[in-house]
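Taken in sequence, the protein lines are chains A and B. Following numbering that gives the first Met the number 0, the numbering of the first sequence begins with 0 at its first residue and continues without gaps. Following numbering that gives the first Met the number 0, the numbering of the second sequence begins with 0 at its first residue and continues without gaps.
Just so you know, the hints here were simulated from the structure itself, not pulled from any lab data. For every residue, glycine included, the Cβ atom is placed at its ideal position computed from N, Cα and C. Heads up, some of the hints might be wrong.
Quick list of in silico lysine to aspartate or glutamate cross-link-like pairs, EDC-like style, CA-CA up to 16 Å [unchecked claim]:
{"no.": "1", "chain 1": "A", "residue 1": "Lys73", "chain 2": "A", "residue 2": "Asp6"}
{"no.": "2", "chain 1": "B", "residue 1": "Lys149", "chain 2": "B", "residue 2": "Glu135"}
{"no.": "3", "chain 1": "A", "residue 1": "Lys25", "chain 2": "B", "residue 2": "Glu42"}
{"no.": "4", "chain 1": "A", "residue 1": "Lys227", "chain 2": "B", "residue 2": "Asp74"}
{"no.": "5", "chain 1": "A", "residue 1": "Lys25", "chain 2": "B", "residue 2": "Asp74"}
If the Cβ cut is set under 10 Å, some of the chain B residues that face chain A in the computed set are [to be verified]:
{"no.": "6", "residue": "Gln4"}
{"no.": "7", "residue": "Val11"}
{"no.": "8", "residue": "Arg32"}
{"no.": "9", "residue": "Asp35"}
{"no.": "10", "residue": "Arg81"}
{"no.": "11", "residue": "Pro115"}
{"no.": "12", "residue": "Val145"}
{"no.": "13", "residue": "Gly146"}
{"no.": "14", "residue": "Lys149"}
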Amino acid sequence: MTDEDVDKVLQKTSGAASQVDPALLKRIADSLNSSLRPVRPLPPTWAPTAGLALICAAVAVTAAARTGFYGFEKLGLWERVLIFSTLAILVWTSGKEFVSQLIPGSRQPLSVGSILTIGSAALLGVFSLVFRDYRTDHFISAGIACLRTGLLLAIPAACMSWLLLRRGFAVNPVAAGLAGGALAGLSGVTMLELHCPNFQALHVLVWHTAVVPVSAAAGALVGWALHKHSSAK
Amino acid sequence: MARYQAGDFAAVTALVECVGPQLHRFFMAQSARRSDADDLLQETWLRIHRVRHTYRPSEPVLPWFYAIARRVRIDHYRRASRTTARERPLEEVSDVVATLPPDEAHGEDLETLLAPLSESQREILRMMKVAGMSLEEVARATSCSVGSVKQKVHRAYRNLRDGMTALGPKRGSSRGLS
Numbered sequence: 000m001t002d003e004d005v006d007k008v009l010q011k012t013s014g015a016a017s018q019v020d021p022a023l024l025k026r027i028a029d030s031l032n033s034s035l036r037p038v039r040p041l042p043p044t045w046a047p048t049a050g051l052a053l054i055c056a057a058v059a060v061t062a063a064a065r066t067g068f069y070g071f072e073k074l075g076l077w078e079r080v081l082i083f084s085t086l087a088i089l090v091w092t093s094g095k096e097f098v099s100q101l102i103p104g105s106r107q108p109l110s111v112g113s114i115l116t117i118g119s120a121a122l123l124g125v126f127s128l129v130f131r132d133y134r135t136d137h138f139i140s141a142g143i144a145c146l147r148t149g150l151l152l153a154i155p156a157a158c159m160s161w162l163l164l165r166r167g168f169a170v171n172p173v174a175a176g177l178a179g180g181a182l183a184g185l186s187g188v189t190m191l192e193l194h195c196p197n198f199q200a201l202h203v204l205v206w207h208t209a210v211v212p213v214s215a216a217a218g219a220l221v222g223w224a225l226h227k228h229s230s231a232k
Numbered sequence: 000m001a002r003y004q005a006g007d008f009a010a011v012t013a014l015v016e017c018v019g020p021q022l023h024r025f026f027m028a029q030s031a032r033r034s035d036a037d038d039l040l041q042e043t044w045l046r047i048h049r050v051r052h053t054y055r056p057s058e059p060v061l062p063w064f065y066a067i068a069r070r071v072r073i074d075h076y077r078r079a080s081r082t083t084a085r086e087r088p089l090e091e092v093s094d095v096v097a098t099l100p101p102d103e104a105h106g107e108d109l110e111t112l113l114a115p116l117s118e119s120q121r122e123i124l125r126m127m128k129v130a131g132m133s134l135e136e137v138a139r140a141t142s143c144s145v146g147s148v149k150q151k152v153h154r155a156y157r158n159l160r161d162g163m164t165a166l167g168p169k170r171g172s173s174r175g176l177s
């Protein structure tokens with residue numbers, strides 16, 4: 000037996016007529032018609048994605064402007080280009096994924112988990128190329144301060160992103176939360192790269208990069224909780 | 000769909016009559032009771048109505064419908080399993096369907112044929128064979144990559160091929176295949 004034979008059997012058996020009650024369909028149509036009014040469709044994916052990228056950049060730059068661009072000033076030209084172009088690509092990719100998660104039936108060439116893994120690996124790769132100071136002074140205390148700053152900054156970025164996409168509908172709230180959290184975390188990392196003057200490799204590799212997965216996990220948790228709350232109602 | 004978004008009454012009726020039976024069959028295939036499928040269909044249309052602005056006219060429409068229908072189905076089973084301890088899990092229901100003779104199993108041969116497959120494989124084949132969706136559209140509806148859908152279809156066909164070969168003469172005589 001070949002695939003063509005299986006295909007023929009499937010084609011033959013799939014033609015059975017549906018037995019849905021016409022009265023049920025009429026009742027549904029009447030119910031929808033009773034509250035029908037024109038709606039404005041969502042814009043193309045690139046528009047909200049660009050909005051999300053702007054939000055992330057604005058939040059990071061505003062926070063860095065308040066605390067000082069010490070990290071940015073300390074970096075060389077090529078280091079700046081390498082780090083911030085990587086961050087820009089990751090913000091765009093995560094933003095696009097977040098938008099796709101909030102539009103049913105969107106194309107998703109990669110899962111959110113894959114994007115998160117690839118994004119974190121890309122950050123680790125770039126940071127390990129740029130930062131070569133292998134001392135570990137105040138590793139825990141300085142690290143926790145950076146992680147906390149990055150995560151605190153992710154909160155306004157996440158709230159503003161959600162406001163922008165509030166008309167969307169998440170078919171998978173956990174995945175949407177994961178994508179949104181990762182995006183907000185990237186805003187936090189961008190701010191840390193602009194501000195943090197601590198160029199010790201392990202500090203940046205561990206604590207700066209950790210902002211993204213921790214923020215993504217928090218986003219997934221929020222998505223799960225919101226979904227549980229809404230389905231309980 | 001664009002006319003529906005613009006508030007056209009006739010478009011709603013036409014859309015419900017066109018897509019409703021497909022969605023109903025999608026739910027019937029996975030539900031032990033007809034009333035469940037009816038409830039799910041109504042709930043899906045209400046959800047579709049609430050989020051109809053999320054459809055973009057430049058995008059394929061079936062993946063959009065099926066993505067929402069899948070979500071409603073998952074929510075329904077989760078809610079049902081929370082509220083009643085007697086509710087059987089989906090796999091168990093599928094097993095029951097698999098053991099029923101074709102007439103009792105909603106009278107649908109396709110479901111009997113697909114019964115030995117995993118739930119995700121059955122779902123993908125139903126979308127492709129009943130709704131006539133392409134690989135790309137199924138990938139969109141299930142939030143998977145096209146590669147992942149291809150792999151599931153390949154495995155499903157292999158399982159079906161093995162099953163049909165093992166049943167050979169019996170299935171061949173009942174379905175008119177050699």
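Verification of the supplied hints:
1. Lys73(A) with Asp6(A): violated, 64 Å
2. Lys149(B) with Glu135(B): holds, 10 Å
3. Lys25(A) with Glu42(B): Between Lys25(A) and Glu42(B) the Cα gap is close to 14 Å, so the pair holds against 16 Å.
4. Lys227(A) with Asp74(B): It holds: about 10 Å lies between the C-alpha atoms, which stays within 16 Å.
5. Lys25(A) with Asp74(B): Measuring from Cα to Cα gives roughly 25 Å; hence the hint is violated.
6. Gln4: holds, 5 Å
7. Val11: With Cβ-Cβ at 5 Å, under 10 Å, it holds.
8. Arg32: violated, 13 Å
9. Asp35: The hint is violated - Asp35(B) has no Cβ within 10 Å of chain A, the shortest such distance being about 13 Å.
10. Arg81: holds, 9 Å
11. Pro115: violated, 13 Å
12. Val145: Check passed: Cβ of Val145(B) comes within 8 Å of chain A, closer than 10 Å.
13. Gly146: Cβ of Gly146(B) sits 9 Å from chain A, so the hint holds.
14. Lys149: With a minimum Cβ separation of about 13 Å from chain A (threshold 10 Å), the hint on Lys149(B) is violated.
Consistency with the previously given hints fails for numbers 1, 5, 8, 9, 11, 14, ordered from lowest to highest.
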